[in-house]
Amino acid sequence: MIKFWKIKPSVGLLSIPYSFVFIFFFFIPLVLTLIISFWDYNEYSIIPDFILENYIYIFKDCFNYEKDMCVTFKTYLSTFIFCFITWFFTLIIGFFVAYFLAFYVNSITWQIVLFLLCTIPFWTSNVIRMISWIPLLGRNGLVNDFLLYIGLTDTPQEWLLYSGFSIVLAFVHLYTLFMIVPIFNSMMRIDKSIIEAAYDNGANGLQILWNVIIPLCKPGIVIGSIFVITVVMGDFITIGIMGGQQIPSIGKIIYVEMSYLQLPAAAANAVILLALTLLIIWIMTKMIDIRKEL
Amino acid sequence: MLNKKNKTYYICVFFFCLFVLFLYGPTFTIVLLSFQGPDGGLTFPLNGVSIYWFEELWRGGSVVDIGSAFKRSIILGLIVMVLTVLLSVSAGLAFRKKFWGSDMLFFATVASLIVPSIVLSLGVALQFRLLDDFTKWLGSTFNINYINEFFQTSLGMFTSGLGAQLTWTLPFGLLIMFAVFNRFDKSYEEAARDLGASPWKTFKEIVFPLIAPSIIGIALFGFTLSYDELARSSQVMGAGNTLPLELKGLTTTVTTPVIYALGTVTTFVSFSVIGISIVCYIWLKRNKG
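From first to last, the protein sequence lines are chains A and B. Once you know that position 53 of the first sequence is 53 in the numbering used here, the rest is easy, because the numbers rise by one and skip nothing. Once you know that position 192 of the second sequence is 486 in the numbering used here, the rest is easy, because the numbers rise by one and skip nothing.
Quick caveat, the hints were computed from the structure, so don't treat them as lab data. A hint or two may mislead.
Capping the alpha-carbon separation at 25 Å, the derived lysine to any residue pairs in SDA-like fashion look like this [unchecked claim]: (1) B:LYS498 to A:SER10; (2) A:LYS286 to A:LEU177; (3) B:LYS542 to A:GLN246; (4) A:LYS286 to A:ILE214; (5) B:LYS365 to B:ALA473; (6) A:LYS218 to A:CYS83; (7) A:LYS192 to B:ILE305; (8) B:LYS542 to A:VAL168; (9) A:LYS252 to B:LEU524; (10) B:LYS392 to A:PHE27; (11) A:LYS218 to B:PHE472; (12) A:LYS218 to B:ARG477; (13) A:LYS286 to B:PHE401; (14) B:LYS392 to A:PHE20; (15) B:LYS542 to A:GLN262; (16) B:LYS365 to B:ILE568; (17) B:LYS301 to A:ALA198; (18) A:LYS218 to B:PHE466; (19) B:LYS391 to B:PHE497; (20) A:LYS252 to A:CYS62; (21) B:LYS542 to A:LEU177; (22) B:LYS579 to A:PHE27; (23) B:LYS542 to A:LYS67; (24) A:LYS218 to B:TYR303; (25) A:LYS60 to A:ILE81; (26) B:LYS495 to A:VAL11; (27) A:LYS286 to B:LYS392; (28) B:LYS579 to B:ALA473; (29) B:LYS430 to A:ASN42; (30) B:LYS498 to B:ILE570; (31) B:LYS480 to B:THR496; (32) B:LYS542 to A:GLY164; (33) A:LYS286 to B:PHE466; (34) B:LYS579 to B:ALA485; (35) B:LYS498 to B:LYS430; (36) A:LYS218 to A:ASN185; (37) B:LYS301 to A:PHE89.
Just so we're clear, the structure is a prediction, and the values are computed from it rather than from any experiment.
Pulled out of the complex, with its shape left as it was, chain B reads as follows (with noise of 0.2 Å):
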């Protein structure tokens, strides 16, 4: 049998460790570099250990106003987490039955997940640019002031951002709502209609609880997949940018540790929040029975 633990078994084993190895290793790196003293450079060997540059980041230093984009980032994600959440679990739920038009929605879901980012992003850009001049137009053919005097633009953040983001979290969702319900057990369900219950509460006193740990997954899909979101986001932001875009950035302009520190931070809020959600996980999963 394969799983017999013979000279291959021992290859794989040490392929499997150069892959995981190859996967942290330089995030390691820069970890270790961030922590330089302040005579330290963008390379090795470690000149002194110290917070320095972490500080450095804090007061601002040579970088933009990461603070603000760090905050900005952080507010994007959660909304884009709680909507693809919301929207996917009720889209799963839809699914489990045929309904008009689920065929094209499933086509454009998987779609949406290959289509080149760069190409919806100038999509979304256009749509809104088309947007921003009818409503000029509508504001200088009817005269109205609001419109004239403060409507600048409609591309922001809360705008096309975030729908762009959506558009890349949320296939995510449905994929995993569609792996729990290809695994569900309907008995349950059809045991609790038979004893009367309502479908709002079949869903809150049984389906609810059984994919709860599932729905843990696609918020950490949400959440990290905005806070991390580049090429979609790239054109439609508006003015504000987030932190994946400042970090792009600063990749040509900041040539010391202090974008080391910047990375070294994100990356930590990244595992916390990965760390949260297994918790999460495993403690909804014990608690099942």
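Chain A with its partners taken away, still in its complex shape (with noise of 0.2 Å):
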């Protein structure tokens, strides 16, 4: 028999509160949500069942050929959009800010105040960050006021917001920070003698990019990809405020049904959802290992 009271208390048993945390609010949670996916209901009251009818209702003719592509595939299809776009556009920009404030920025301080300036707009409000697109973007904001001064158009833009484009901007605006951390951190990791190895072997400045700087900075680029990927794809705010609710998202199909109180059904998206997010970073993670990298 174990004898528990002998056991030395160990430094270990500091992080019992921090696990009960993600015990009661995130492992408890997730797992009953893939239970109650497969339970009934009727308009006050969740019934404890096994039926697939929320999955199938979801695939509701997804796999008739005949018909237009079903609302469901049509959902994920934007998502899937928004997310590649909004990927690119964060990875492009994300990569060379890291790239200047790790290569070109010669003092410690200056690096730390410039990453700071970065920084700032992840700690203030994101619906706040949205609205203020707002004056700019609109009918009568700054952007069409200058397209209609220069001439280059003589209607107001209607497609700058409440739309694709927006949600996109919005998303750059953003989640930029989310790829600029781990790649800075990757190119910090760089010893700068091999940068200079490089060099001296005659290599110019795209060839260390895309041949020394790139390969080493990949785990970086990982890991800011999914987080990128992973807050579009779950995406139902920014998608709802930017689109002006008329676009639909993954997210925004869980938050309607959840609003109507269709708990199994909404349960059934979140486990799509959740398995597809999954095997995005599953597909990613292969490739490197996360906790060497902090």
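These two chains come separately, so use the hints to put the complex back together.
The following block contains the structure:
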């Protein structure tokens, strides 16, 4: 028999409060979501059961090729497109901002100051940062005023706000930091002598960038990409506000079903979303060990 | 070498400046627009200069009870901040050695950062709904008067709301602790231990002063992320809404600069907290030696 009272108090016990939060507010809720996705429901209650209707309903008409694409596939496709475009722009912008900070700013103090300058908006309200595009992109906004003034158009452009364009713009605005931080972290670990060696051997700037820096930044790029892609996959707030509540997303389906108290249906959608997200992460993390990167 | 001030250097500087403008420009415009006169609208040009919209916000005007939402958000933010610091520092200390379940806990930490917020919010809402059903069942089965008469829901800001926000703030806290301890010089600690200091004393006298500046960082993450958190708390706050939730509702209903005034105020609060944290951080770093 193991005598528990004889076990020496270990420093590992300090993790108990932390673990408690993750068991109670992370693990159990996700397990419950999976279970309840098989339950039945009516207008006012959820009923323990084991049915597949919630899942079947999601893919209703999806494999009927004579009709147009079903709502579910359309929504997923549109979300994937947002993911891809956002990923592309945050990667390009994030990479070059990190590149500038890591290789062109020489003093540590300036590096910290400029890095903080990029980070500070992350600690302010996302909703406010979204709203702040309205005076710029709206029908009578600054951009339209400018376009009219220089005579590029004679009518205000409607696609600037409450459109796919403004959604991507807001995503890039909000989440480029998720790329900058891990890529910058990877770049700071690159031994400067490697770059010097490449330079001494006659590589030009572009060759160094492509053959030395980018391969060594791969872990940072992967981590940043995971963050950006998962945050866009599950989004319902940015797409809601910047899309004028007109553009669908997977997150929004779950949100709307919850507001109608169709909880098992929402749970089924959540399970599919989660599975897809995990699949993407699994593919991406096969390449690196995150723990080594901290 | 790369750091030569050639053409690429200036292109990079220009690009970086553009990026900073992109980050801060829009926020600056709404600060500007919130100081309009009473006839001001949602877009430029500015119609006079006044603090009319701040007074309007203060009076409550067309807006729901912003004052109490503001108060709730601050209180919740402070609680999340304290818990984030306590839990992630203690877990960070635990993680310095391998312990039973440490890999699982690390996995949960990273997973929590990348699980879609709406999924987590739904999960916590479901959990508390089942908890409610169970409590009510207990009440009716065992005839517990208190439950039958007063119990409505366990869902609330300081139960489900707090927990959901912690799943977002704690991972940042723990990852900061990892970064700290990866670069931590163990020799001071060992010296203290060799001189006969107890583990608690070693922590208090040696480890804590060394990690104190980073703790300020964790506190900053704890407060600001909670104060602005929206997606995870959206389904689990119960009756009382926090400021970001009210704000999200206002985006579709309010058509006056009062919403910009509110934005200016919350941004000001965030910036003050960030400023105070940075000053504390620098002060602690200086006093270390």
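Out of the numbered hints, which ones does the structure contradict? Violated hints (numbers, rising): 5, 22, 23 and 35; every other hint is consistent with the structure.
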